[in-house]
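I would like the entire structure built from these sequences, with the hints used as guidance.
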Amino acid sequence: MTDIKWLTLNNRLQQGVSLINAVNTKRFALLLNHLISASSEEVFTETELEKLQETLKLSEAKLQLLIQSIAYILKQSSKVILKPTELQKQLVELVGFDQEKAEIFTKKWSEKVKKELGEFNDRTQLNDMKWELNLQIGSDMGSKQALPGARIQLDLAKVNDEGQGEKAILELGEEELQQFYNNLEVIQLKLDNLSKTV
1 MTDIKWLTLN
11 NRLQQGVSLI
21 NAVNTKRFAL
31 LLNHLISASS
41 EEVFTETELE
51 KLQETLKLSE
61 AKLQLLIQSI
71 AYILKQSSKV
81 ILKPTELQKQ
91 LVELVGFDQE
101 KAEIFTKKWS
111 EKVKKELGEF
121 NDRTQLNDMK
131 WELNLQIGSD
141 MGSKQALPGA
151 RIQLDLAKVN
161 DEGQGEKAIL
171 ELGEEELQQF
181 YNNLEVIQLK
191 LDNLSKTV
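Numbering (UniProt numbering), first residue to last: 1 to 198.
Calculated directly from the structure, the hints in this document are not laboratory data. There could be a bad hint or two in this list.
Below are the DSS-like pairs computed for lysine-lysine, each with C-alpha atoms no more than 25 Å apart in a straight line [to be verified]:
| no. | residue 1 | residue 2 |
| --- | --- | --- |
| 1 | LYS89 | LYS5 |
| 2 | LYS5 | LYS112 |
| 3 | LYS89 | LYS26 |
| 4 | LYS75 | LYS196 |
| 5 | LYS167 | LYS130 |
| 6 | LYS196 | LYS83 |
| 7 | LYS79 | LYS114 |
Now the in silico label distances, taken between C-beta atoms and shown as ranges [said to hold, decoys possible]:
| no. | residue 1 | residue 2 | range |
| --- | --- | --- | --- |
| 8 | ILE36 | GLU93 | 20 to 30 Å |
| 9 | ARG151 | LYS196 | 31 to 41 Å |
| 10 | GLN68 | THR47 | 13 to 23 Å |
We treat Cβ as the ideally placed atom computed from N, Cα and C, and that holds for glycine.
Next up, the structure:
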(Lines of atoms letter the chains of each structure in order from A and count residues from 1; the text may use other names and numbers.)
(Lines give C-alpha, C1' and ligand atoms only; values in the text may rest on other atoms or scores of the structure.)
Protein backbone atom coordinates (compact mmCIF):
# COMPACT_ATOMS: atom_id res chain seq x y z
CA MET A 1 0.00 0.00 0.00
CA THR A 2 1.53 3.30 -1.14
CA ASP A 3 0.94 6.37 0.97
CA ILE A 4 1.05 9.83 -0.57
CA LYS A 5 0.75 12.81 1.75
CA TRP A 6 -2.70 13.69 0.43
CA LEU A 7 -3.96 10.27 -0.67
CA THR A 8 -3.95 6.71 0.63
CA LEU A 9 -3.60 4.34 -2.30
CA ASN A 10 -5.09 0.97 -1.32
CA ASN A 11 -6.02 -2.04 -3.48
CA ARG A 12 -9.56 -0.78 -4.10
CA LEU A 13 -8.34 2.61 -5.29
CA GLN A 14 -5.74 0.93 -7.51
CA GLN A 15 -8.58 -1.03 -9.12
CA GLY A 16 -10.45 2.26 -9.57
CA VAL A 17 -7.40 3.83 -11.22
CA SER A 18 -7.22 0.85 -13.61
CA LEU A 19 -10.85 1.55 -14.55
CA ILE A 20 -10.05 5.25 -15.02
CA ASN A 21 -7.21 4.37 -17.39
CA ALA A 22 -9.48 1.99 -19.34
CA VAL A 23 -12.20 4.61 -19.95
CA ASN A 24 -12.23 6.56 -23.22
CA THR A 25 -10.45 9.90 -22.69
CA LYS A 26 -13.38 12.05 -23.85
CA ARG A 27 -15.81 10.14 -21.63
CA PHE A 28 -13.42 10.50 -18.70
CA ALA A 29 -13.34 14.29 -19.23
CA LEU A 30 -17.15 14.42 -19.35
CA LEU A 31 -17.46 12.25 -16.23
CA LEU A 32 -14.94 14.41 -14.38
CA ASN A 33 -16.78 17.59 -15.43
CA HIS A 34 -20.04 16.15 -14.16
CA LEU A 35 -18.50 15.23 -10.80
CA ILE A 36 -16.93 18.67 -10.41
CA SER A 37 -20.13 20.54 -11.26
CA ALA A 38 -22.45 18.31 -9.19
CA SER A 39 -24.03 20.39 -6.46
CA SER A 40 -25.77 17.67 -4.49
CA GLU A 41 -24.83 14.40 -2.82
CA GLU A 42 -26.78 12.55 -5.52
CA VAL A 43 -24.31 13.09 -8.37
CA PHE A 44 -26.13 10.90 -10.89
CA THR A 45 -29.78 9.97 -11.24
CA GLU A 46 -30.70 6.31 -11.60
CA THR A 47 -31.32 6.84 -15.33
CA GLU A 48 -27.94 8.53 -15.80
CA LEU A 49 -26.23 5.65 -14.01
CA GLU A 50 -27.93 3.11 -16.26
CA LYS A 51 -26.89 5.06 -19.38
CA LEU A 52 -23.34 5.36 -18.10
CA GLN A 53 -23.21 1.66 -17.34
CA GLU A 54 -24.39 0.87 -20.86
CA THR A 55 -22.09 3.41 -22.54
CA LEU A 56 -18.97 2.41 -20.61
CA LYS A 57 -19.87 -1.29 -20.71
CA LEU A 58 -19.20 -1.74 -17.00
CA SER A 59 -20.98 -3.71 -14.32
CA GLU A 60 -22.82 -1.68 -11.69
CA ALA A 61 -20.11 -2.44 -9.11
CA LYS A 62 -17.30 -1.35 -11.45
CA LEU A 63 -19.16 1.82 -12.41
CA GLN A 64 -19.62 2.69 -8.73
CA LEU A 65 -15.92 2.03 -8.11
CA LEU A 66 -14.97 4.24 -11.07
CA ILE A 67 -17.15 7.13 -9.87
CA GLN A 68 -16.07 6.76 -6.23
CA SER A 69 -12.39 6.66 -7.22
CA ILE A 70 -12.59 9.82 -9.32
CA ALA A 71 -14.62 11.61 -6.63
CA TYR A 72 -12.20 10.53 -3.88
CA ILE A 73 -9.08 11.63 -5.76
CA LEU A 74 -10.77 14.92 -6.65
CA LYS A 75 -11.82 15.53 -3.05
CA GLN A 76 -8.41 14.67 -1.61
CA SER A 77 -6.52 16.74 -4.18
CA SER A 78 -8.72 19.72 -3.30
CA LYS A 79 -7.54 19.56 0.31
CA VAL A 80 -3.86 20.18 -0.43
CA ILE A 81 -1.83 22.91 -2.03
CA LEU A 82 -0.01 21.51 -5.04
CA LYS A 83 1.34 22.99 -8.22
CA PRO A 84 -0.51 21.56 -11.22
CA THR A 85 2.73 20.08 -12.59
CA GLU A 86 3.39 18.35 -9.26
CA LEU A 87 -0.16 17.00 -9.12
CA GLN A 88 0.13 15.63 -12.64
CA LYS A 89 3.50 14.06 -11.85
CA GLN A 90 2.14 12.40 -8.68
CA LEU A 91 -0.95 11.14 -10.51
CA VAL A 92 1.24 9.42 -13.09
CA GLU A 93 4.16 8.22 -10.97
CA LEU A 94 2.50 7.42 -7.65
CA VAL A 95 -1.20 6.90 -8.33
CA GLY A 96 -0.84 5.13 -11.68
CA PHE A 97 -2.84 7.38 -14.02
CA ASP A 98 -1.85 7.22 -17.66
CA GLN A 99 -0.35 10.51 -18.90
CA GLU A 100 -3.42 11.65 -20.86
CA LYS A 101 -5.85 11.07 -17.97
CA ALA A 102 -3.49 12.82 -15.54
CA GLU A 103 -3.31 15.80 -17.90
CA ILE A 104 -7.11 16.04 -18.15
CA PHE A 105 -7.55 15.62 -14.39
CA THR A 106 -4.95 18.31 -13.66
CA LYS A 107 -6.52 20.74 -16.14
CA LYS A 108 -10.02 20.31 -14.65
CA TRP A 109 -8.61 20.46 -11.10
CA SER A 110 -6.77 23.71 -11.94
CA GLU A 111 -9.95 25.26 -13.34
CA LYS A 112 -11.86 24.26 -10.20
CA VAL A 113 -9.18 25.67 -7.89
CA LYS A 114 -8.97 28.96 -9.84
CA LYS A 115 -12.73 29.35 -9.62
CA GLU A 116 -12.69 28.66 -5.88
CA LEU A 117 -9.79 31.05 -5.31
CA GLY A 118 -11.64 33.71 -7.28
CA GLU A 119 -14.54 33.31 -4.87
CA PHE A 120 -12.03 33.26 -2.01
CA ASN A 121 -10.61 36.64 -3.05
CA ASP A 122 -14.12 38.10 -3.06
CA ARG A 123 -14.77 37.11 0.54
CA THR A 124 -15.38 39.40 3.49
CA GLN A 125 -12.96 39.58 6.40
CA LEU A 126 -13.35 40.78 9.96
CA ASN A 127 -11.35 43.96 10.62
CA ASP A 128 -12.51 44.74 14.12
CA MET A 129 -15.03 43.68 16.73
CA LYS A 130 -16.59 45.70 19.51
CA TRP A 131 -18.97 44.50 22.17
CA GLU A 132 -20.97 45.72 25.12
CA LEU A 133 -23.18 44.11 27.70
CA ASN A 134 -26.73 45.26 28.30
CA LEU A 135 -29.03 44.61 31.18
CA GLN A 136 -32.71 45.24 30.56
CA ILE A 137 -34.64 45.67 33.75
CA GLY A 138 -38.38 45.48 33.85
CA SER A 139 -41.01 45.03 36.46
CA ASP A 140 -44.21 43.16 36.19
CA MET A 141 -46.64 43.64 39.08
CA GLY A 142 -44.10 43.70 41.84
CA SER A 143 -41.54 41.24 40.43
CA LYS A 144 -38.43 42.65 38.88
CA GLN A 145 -36.81 40.99 35.87
CA ALA A 146 -33.28 41.49 34.63
CA LEU A 147 -32.53 40.27 31.11
CA PRO A 148 -28.81 40.19 30.29
CA GLY A 149 -27.78 40.62 26.68
CA ALA A 150 -24.85 41.45 24.48
CA ARG A 151 -24.41 43.70 21.51
CA ILE A 152 -21.59 42.73 19.16
CA GLN A 153 -20.49 44.98 16.31
CA LEU A 154 -18.46 43.38 13.53
CA ASP A 155 -16.53 45.72 11.23
CA LEU A 156 -16.27 43.87 7.91
CA ALA A 157 -14.43 44.63 4.67
CA LYS A 158 -13.93 42.93 1.31
CA VAL A 159 -10.51 41.28 1.16
CA ASN A 160 -9.66 42.79 -2.22
CA ASP A 161 -11.09 46.26 -1.47
CA GLU A 162 -9.71 47.95 1.65
CA GLY A 163 -11.88 51.06 1.32
CA GLN A 164 -15.25 49.34 1.27
CA GLY A 165 -16.53 48.30 4.67
CA GLU A 166 -19.74 47.52 6.44
CA LYS A 167 -20.87 46.93 9.98
CA ALA A 168 -22.93 44.04 11.24
CA ILE A 169 -24.57 44.36 14.62
CA LEU A 170 -25.69 41.31 16.56
CA GLU A 171 -28.07 41.68 19.49
CA LEU A 172 -27.98 38.46 21.48
CA GLY A 173 -29.80 37.31 24.57
CA GLU A 174 -28.15 34.98 27.06
CA GLU A 175 -29.33 31.80 25.29
CA GLU A 176 -28.37 33.10 21.83
CA LEU A 177 -24.98 34.20 23.11
CA GLN A 178 -24.39 30.72 24.57
CA GLN A 179 -25.31 29.12 21.21
CA PHE A 180 -22.99 31.55 19.39
CA TYR A 181 -20.18 30.67 21.80
CA ASN A 182 -20.78 26.93 21.33
CA ASN A 183 -20.60 27.34 17.54
CA LEU A 184 -17.31 29.23 17.86
CA GLU A 185 -15.95 26.44 20.07
CA VAL A 186 -16.89 23.83 17.43
CA ILE A 187 -15.17 25.91 14.74
CA GLN A 188 -12.06 26.26 16.92
CA LEU A 189 -11.94 22.49 17.52
CA LYS A 190 -12.17 21.81 13.79
CA LEU A 191 -9.43 24.35 13.08
CA ASP A 192 -7.22 22.74 15.73
CA ASN A 193 -7.81 19.29 14.25
CA LEU A 194 -7.10 20.58 10.76
CA SER A 195 -3.82 22.18 11.82
CA LYS A 196 -2.74 18.87 13.40
CA THR A 197 -3.16 17.04 10.09
CA VAL A 198 -1.30 19.61 7.99
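Status of each hint after checking the structure:
In summary, the hint linking LYS89 to LYS5 is supported, as the alpha carbons are separated by about 14 Å, within the 25 Å threshold. Using a Cα cut-off of 25 Å, the hinted pair LYS5 and LYS112 holds, with the two alpha carbons roughly 21 Å apart. The suggested pairing of LYS89 with LYS26 holds, with an alpha-carbon distance near 21 Å, which does not exceed 25 Å. Simply put, LYS75 and LYS196 have alpha-carbon atoms about 19 Å apart, close enough for the 25 Å limit, and the pair holds.
As the CA atoms of LYS167 and LYS130 are separated by approximately 11 Å, the hinted pair is consistent with the 25 Å bound. Our distance criterion of 25 Å between C-alpha atoms is met by LYS196 and LYS83, whose separation comes to about 22 Å. This hinted pair checks out: LYS79 and LYS114 have alpha carbons roughly 14 Å apart, not beyond 25 Å. Checked against the hint of 20 to 30 Å, the C-beta distance between ILE36 and GLU93 comes to roughly 24 Å, which is consistent with it.
For the pair ARG151 and LYS196, the supplied restraint of 31 to 41 Å holds, since their beta-carbon distance comes to about 35 Å. Separated by about 19 Å at the C-beta atoms, GLN68 and THR47 satisfy the suggested range of 13 to 23 Å.
Checked against the numbered hints listed earlier, the structure breaks none of them; every hint is satisfied.
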